[in-house]
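Since the structure of chain A is provided, determine the placement of chain B with the ligand on it from the hints.
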Amino acid sequence: MDNDLRELYQDVILDHGKSPRNFHAMANATNNALGHNPLCGDKIDLFLSIDKNNVIQDISFQGAGCAISMASASMMTEMLKGKTTDHAVKLFHAVHNMFTSSETDIKDCSVSEDDMDRLTALSGVKEFPIRVKCATLAWHTLDSALNNKKS
Amino acid sequence: MFDYKKDFPILNQKIVYLDTAASAQKPLAVIDAMSDFIKHDYANIHRGIYDLSQRASDRYESARETVKKFINARNTDEVIFTHGGTESANLVAYSYGREFLREGDEVVITELEHHANIVPWQVLRKEKGIKLSVVPIDADGSIPIEKFKTAISDKTKIVSFAHVSNVLGTILPVKEITALAHAVGAVAVVDACQSVQHLPIDVQNTDADFLFFSGHKLYGPTGIGVLYVKRALLEKMPPYQTGGGMISSVSFDETLYAEAPLRFEAGTPPIIEAIGLQAAMNYVKNIGLDKIAAHEHSILKYADEKLSLIPGLKILSNAGKKSAIVSFVIENIHSHDAGTILNNYGVAVRAGHHCAQPLMDSLGVSSTVRASFGLYSAMEDVDALAAGIYEAKKIFGN
Ligand SMILES: Cc1ncc(COP(=O)(O)O)c(C=O)c1O
Numbered sequence: 001m002d003n004d005l006r007e008l009y010q011d012v013i014l015d016h017g018k019s020p021r022n023f024h025a026m027a028n029a030t031n032n033a034l035g036h037n038p039l040c041g042d043k044i045d046l047f048l049s050i051d052k053n054n055v056i057q058d059i060s061f062q063g064a065g066c067a068i069s070m071a072s073a074s075m076m077t078e079m080l081k082g083k084t085t086d087h088a089v090k091l092f093h094a095v096h097n098m099f100t101s102s103e104t105d106i107k108d109c110s111v112s113e114d115d116m117d118r119l120t121a122l123s124g125v126k127e128f129p130i131r132v133k134c135a136t137l138a139w140h141t142l143d144s145a146l147n148n149k150k151s
Numbered sequence: 001m002f003d004y005k006k007d008f009p010i011l012n013q014k015i016v017y018l019d020t021a022a023s024a025q026k027p028l029a030v031i032d033a034m035s036d037f038i039k040h041d042y043a044n045i046h047r048g049i050y051d052l053s054q055r056a057s058d059r060y061e062s063a064r065e066t067v068k069k070f071i072n073a074r075n076t077d078e079v080i081f082t083h084g085g086t087e088s089a090n091l092v093a094y095s096y097g098r099e100f101l102r103e104g105d106e107v108v109i110t111e112l113e114h115h116a117n118i119v120p121w122q123v124l125r126k127e128k129g130i131k132l133s134v135v136p137i138d139a140d141g142s143i144p145i146e147k148f149k150t151a152i153s154d155k156t157k158i159v160s161f162a163h164v165s166n167v168l169g170t171i172l173p174v175k176e177i178t179a180l181a182h183a184v185g186a187v188a189v190v191d192a193c194q195s196v197q198h199l200p201i202d203v204q205n206t207d208a209d210f211l212f213f214s215g216h217k218l219y220g221p222t223g224i225g226v227l228y229v230k231r232a233l234l235e236k237m238p239p240y241q242t243g244g245g246m247i248s249s250v251s252f253d254e255t256l257y258a259e260a261p262l263r264f265e266a267g268t269p270p271i272i273e274a275i276g277l278q279a280a281m282n283y284v285k286n287i288g289l290d291k292i293a294a295h296e297h298s299i300l301k302y303a304d305e306k307l308s309l310i311p312g313l314k315i316l317s318n319a320g321k322k323s324a325i326v327s328f329v330i331e332n333i334h335s336h337d338a339g340t341i342l343n344n345y346g347v348a349v350r351a352g353h354h355c356a357q358p359l360m361d362s363l364g365v366s367s368t369v370r371a372s373f374g375l376y377s378a379m380e381d382v383d384a385l386a387a388g389i390y391e392a393k394k395i396f397g398n
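Order-wise, the sequence lines are chains A and B.
Here the first sequence is numbered in my numbering, starting from 1 and rising by one per residue.
Here the second sequence is numbered in my numbering, starting from 1 and rising by one per residue.
It is worth saying that the hints were derived from the structure and are not from the lab.
Glycine included, C-beta positions come from ideal geometry on N, C-alpha and C.
Just so you know, nobody snuck in bad clues.
These stretches of chain B come out as covered by chain A in the derived footprint (C-beta under 8 Å, 3 or more residues): (1) 335-343; (2) 358-372.
Residues from chain B that keep clear of chain A, each with C-beta distances beyond 10 Å, as calculated: (3) Asp7; (4) Ile31; (5) Arg55; (6) Arg64; (7) Arg98; (8) Glu111; (9) Ser153; (10) Lys175; (11) Leu180; (12) Lys230; (13) Leu233; (14) Gly244; (15) Ser248; (16) Glu305; (17) Ile310.
One chain only, chain B, in its complex shape:
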């Protein structure tokens, strides 16, 4: 039987945790790896000539190697450690975008995007006079590939999109979209924040140019993210932040920057967090992403079936291909009221706009209730969710 709840100490308490898309809980393997590293091998990296610093540097670089394998990058130096998915998105826009976009160029995003993949492009729009085109969703929350074909033109220089929507769970076909981008000479940026914990990532197979995610949604720690950049692009990109660690030499007249990836890791990086992320990736790999995906799929199917039986409840996430998220609204019950009542029954869900206000507008709602699943989720969690919703309906008299 697929049962890994016991690996997650926090889930020993009485809680039905259905907010994994916001952040995943951490298995003991991650907690122990970080704490052991702090106890035995921690120092700043790439600086000390002493053994401990060397050991810490080796461990940090071995974490980079683990990430490289996890996403099947060709080269280890294509993996940049950032402080999170949001910083990764900013790095793409403010290093690559700012350097290479010209007035009149187009950046294509989708209606599904998280604010992290909208706002940096809006800043560049204001700064450089680029155009931001938005690929619209269909009523079921999916985006047919034809709509990308329509949106992408000769003017398109960047196509930046979520692999999986954080609100609707919709899965977008990375390989096809990337091919469309490449056909007009544009680069493809993949926001994998909601996919890396559910689906296999293969940057060589999909040929993505940039791909990013956060550690904390992948059962790893907060404070670390990853940005993959294809080497040919990496070499042309100017630094994003400047300071220590990213230089090869500094005088007051001139500074020479280090090679990538260190050029993009200014300051002391998230060293302990990198060790935690490595442990998280190993943990997930040991279970097997295919097994995790199959388990989550069965939970999702059960949730979709069970919730759709509730009168007055409308599921908004109905794309044919979707990942472990169900987003819904309940007639006459605002999502915050539903969230408060569910919380009272020990069920933790997200209620709100999920940092995707443009998507809310397009769905014609101001907020939704979102239940999201992880490898530790169980059928009973869905039962508790449904029971809580019936209680909410009772309180609201409908």
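Looking at chain A on its own, in the form it has when it is part of the complex:
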């Protein structure tokens, strides 16, 4: 197996892909969005419970897709639980930049070391341009969920 493939399918990705964390629906979600990649059929239904101080009290998802999209969603929920929506937006932009620019530098968005490890694990996807959309699906769904309060 070559290195790029090993980078893509690291243990942590395979682990999250196989047993995604926070993988369930949420009855009392304040925000919700359905992300769909029509080209490959990946689907992510994302739920957030945000309090009045804009803190993400709970976050979960359901869906189906490849290991990359599931792992990305799973790790995203781990990164965002207990964080503010401002932080979530920042992280969304950081991830977006990570995949769209040649700069892999994500240091300037004050992420914790654990989060940095998670993002680094995901960054292996960069070597597989057609799979980038798998990794970003969860994050784009987050972006619309943050703008999509349930009434």
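Structure of chain B with the ligand alone, referenced to chain A:
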């Protein structure tokens, strides 16, 4: 020995090409025919009074003659050149369908259809209040003829179906289905996009009313398709697109349309592509479709056997009569992950829904891995596919 890989320059590189159902690679004969035509005989057709235009027009019409023979049409003017299979399907729906369907009429399609043979009918359903009935598949991916008998009724006006499924390779019996359609006074539309490169097509023998396909899946160029229409129907059909080339006279008060097939070829048609398609048909004919079919069948059999030995791999294409396609899912490995890993080993397969989402729903999967074969495919290609799948299983730890 059956070995034509060498005729395909692109296959000289290190690649195991198993996506022929999406598009076939092109033999040198096709590439050369197009390039020679451009170098020596190209001009717009049916317009110039100069020799070159006459020559180009003659070549274009000779391509139509080649298609006519290839599908055994009775008349050359029953062959319309379109820009692809999808446009052909749209032409049937929006010219014939729009003109002759009335509210309450039924169009029968199958669960196997490509989106190209679903969506245009849905547009007409919305526009005209017709009903769309869908003939379901059996668990093995086949459709017994009885199911067509059940679906087709006095209300049925059009039966439109794939000769060969692009996902499962299932072969449908064109002659029998057409006879059922005719028995209730309906017309039969055959989507031959996945069959014309594998099986002999004979529109007179099957009595199909419409039949269409794309050039690029038949080892020809992109940008060209064919629509065969029985002459009696052709004469009644209104134009599909309008503009130059399809008229006999235009004034600002009135326009008279040209006779078919030019009436359905508005604008400058795919001239160079027609020459390429002609070369592709001649290339296939010279090898012999029967020999091609036999070769592909042996590859398919080998693939079915070899893949079914892989633990956790489930083949979804199990119809008794099927063409050069194997579609499968692997336990705990999503088809895109399998596709990425196979690509890493130089194996090109299609992973996804194959423009047949309703079929995916009915199979209970969101996507499949599809390996499809052509006349250049070899047993080693299947070995490489199987080896790649074992690697994927290793990576995913199962
Ligand atoms: C069965 C079937 N019908 C129609 C089409 C549409 O052909 P094209 O994309 O060349 O227009 C395809 C191509 O994938 C097909 O497989």
